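Asker: Below, each chain spelled out in residue letters.
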Amino acid sequence: DTEVTQTPKHLVMGMTNKKSLKCEQHMGHRAMYWYKQKAKKPPELMFVYSYEKLSINESVPSRFSPECPNSSLLNLHLHALQPEDSALYLCASTRDSSRQPQHFGDGTRLSIL
Amino acid sequence: GENVGLHLPTLSVQEGDNSIINCAYSNSASDYFIWYKQESGKGPQFIIDIRSNMDKRQGQRVTVLLNKTVKHLSLQIAATQPGDSAVYFCAEGNEKLTFGTGTRLTIIP
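Heads up: the sequence lines are chains A and B, in that order. Every letter in the first sequence is one number past the one before it in my numbering, and letter 43, counting from 1, is 43. Every letter in the second sequence is one number past the one before it in my numbering, and letter 59, counting from 1, is 59.
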């Protein structure tokens, strides 16, 4: 079992829907990450939070809105997504730096109709 | 932009043999390198990492080699087992990680 928990595991939504992906870790990690992974491709970094502050945004479209309400939780709010946004969304955490092994959750598989 | 790539997209190895997975990187500023294993339906799982001040690091059945001169990283898996079948990603960076394209390792019984 992974120490990073992501919910839901699967999500199907229409292009006009609003939904949120959730990620939780209780390892005391202070850096958290969102990645997008298309089929048979490597994970691509979207956002990095360090000590609950957004430190990196990889030019992600505004229809993706991250939120870090506390040190254990990371959300990704979705609105007006496009079919090409269908992918596996992975959350990860590290103690406090990107130069440490990232602990990944098993992801949310998102399908946009 | 900088990118990380792998020489071989697929690798088949007889059970019990050693596996070597290679990775080329182009960002000379990277000072941290890491290997992940990803099984179907799972998130990436940490295998081993190495910092730029080292050339070699060993773990349980795994060894990572770093050649900064030619910007090459490799993962050696000793005595491969069926459970080693997965996609293996290298990643490199400093403030953030960039993942390579991945190699699918298949263990032949």
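Where hints are given, some of them may not hold.
Claimed, not checked - Derived contacts from chain B toward chain A, CB cut-off under 10 Å, selection only: (1) Tyr-32; (2) Ile-34; (3) Pro-44; (4) Gln-45; (5) Ile-47; (6) Ile-48; (7) Asp-49; (8) Arg-51; (9) Lys-56; (10) Asn-67; (11) Asp-84; (12) Val-87; (13) Phe-89; (14) Ala-91; (15) Thr-101.
To be verified - Heads up, simulated DSBU-like pairs for lysine-lysine below, C-alpha to C-alpha not over 30 Å straight-line: (16) A:Lys-9 - B:Lys-68; (17) B:Lys-71 - A:Lys-22; (18) A:Lys-40 - B:Lys-56; (19) A:Lys-53 - A:Lys-18; (20) A:Lys-36 - A:Lys-9; (21) B:Lys-56 - A:Lys-19; (22) A:Lys-53 - B:Lys-56; (23) A:Lys-19 - B:Lys-71; (24) B:Lys-96 - A:Lys-53; (25) A:Lys-22 - B:Lys-68; (26) A:Lys-40 - B:Lys-96; (27) A:Lys-36 - A:Lys-53; (28) B:Lys-56 - A:Lys-18; (29) A:Lys-18 - B:Lys-68; (30) B:Lys-68 - A:Lys-36; (31) A:Lys-41 - B:Lys-71; (32) A:Lys-19 - A:Lys-41; (33) A:Lys-19 - A:Lys-40; (34) A:Lys-38 - A:Lys-9; (35) B:Lys-71 - A:Lys-9; (36) A:Lys-36 - B:Lys-42; (37) B:Lys-96 - A:Lys-19; (38) B:Lys-71 - A:Lys-18; (39) A:Lys-18 - A:Lys-41; (40) B:Lys-96 - A:Lys-18.
To be clear, the hints were calculated from the coordinates, so they are not data collected in a lab. Here the structure is a predicted model, which is why all the values come from computation and not from measurement. Glycine included, C-beta positions come from ideal geometry on N, C-alpha and C.
Asker: Hint by hint, where does the structure go against what was stated? Just the numbers, ascending.
Answerer: Violated hints: 9, 10, 11, 16, 17, 21, 22, 23, 25, 28, 29, 35 and 38; rest satisfied.
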